[in-house]
Amino acid sequence: MAATWHILREDDALTLARRLPARFDFGAEAAFPPVGRLRLARQIRQDMWRALQNLRGFAPVVRVETTSAGVQVRAGGQVDGTFPRQRAADTVAALLQDPAHRARWIAYAGGGRHG
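Here UniProt numbering is used: the first residue of the sequence shown is 1, the next is one more, and so on.
No lab work stands behind these hints, which were simulated from the structure alone. Backbone N, C-alpha and C define an ideal beta-carbon position, used for all residues, glycine too. Heads up, a few of these hints could be off.
Pair ranges (Cβ atoms, derived) [to be verified]:
1) R56 / P34: 32 to 40 Å
2) G81 / A107: 16 to 24 Å
3) E10 / T82: 28 to 36 Å
4) A103 / D80: 18 to 26 Å
5) T4 / S68: 13 to 21 Å
6) D11 / T82: 30 to 38 Å
Given only the sequences and the hints, what does the whole structure look like? Please build it.
If you want it as structure tokens, here you go:
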């Protein structure tokens, strides 16, 4: 069965979520240059899922908001039940700051439209 992903568009923001309503039980933020929001969100979601796939009950959420300097990303998600909140947030923060991931995401999302 294919996974259903919800894409919410509102003004200058796009939210990619596994479940609705989208909820951030934990997360981290990072700034990026102007790139395609949906492409960036999808790439971050994939790598965040790989990093946190053993987190039981995890449903990823990525919000990408256009700013005057580029885009601001908030990544994290919802977890049903108890979980190591700080460790999960630290994992996402490290992922968002990793130079190799950032370079790949920006290269992939840079050629897309800014949707």
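(request) Go ahead and decide if the range 28 to 36 Å is satisfied by the Cβ distance of E10 to T82. (result) With a Cβ separation near 31 Å, E10 and T82 satisfy 28 to 36 Å, so the hint holds.
(request) For the range 16 to 24 Å, tell me whether the beta carbons of G81 and A107 fit it or not. (result) Violated, since G81 and A107 (Cβ atoms, about 37 Å apart) do not stay within the stated range.
(request) Using the beta carbons of R56 and P34, state whether their distance is inside 32 to 40 Å or not. (result) holds, 36 Å
(request) Could you check the hint for me, namely that D11 and T82 are 30 to 38 Å apart, CB to CB? (result) holds, 35 Å
(message) A range of 18 to 26 Å was offered for this pair. Does it hold for the Cβ distance of A103 and D80?
(response) Cβ of A103 to Cβ of D80: about 34 Å, so the range 18 to 26 Å is violated.
(request) With respect to the beta-carbon atoms only, verify the hint that T4 and S68 lie 13 to 21 Å apart. (result) violated, 33 Å
In summary, the structure is inconsistent with hints 2, 4 and 5 from the numbered list given earlier, while agreeing with the others.
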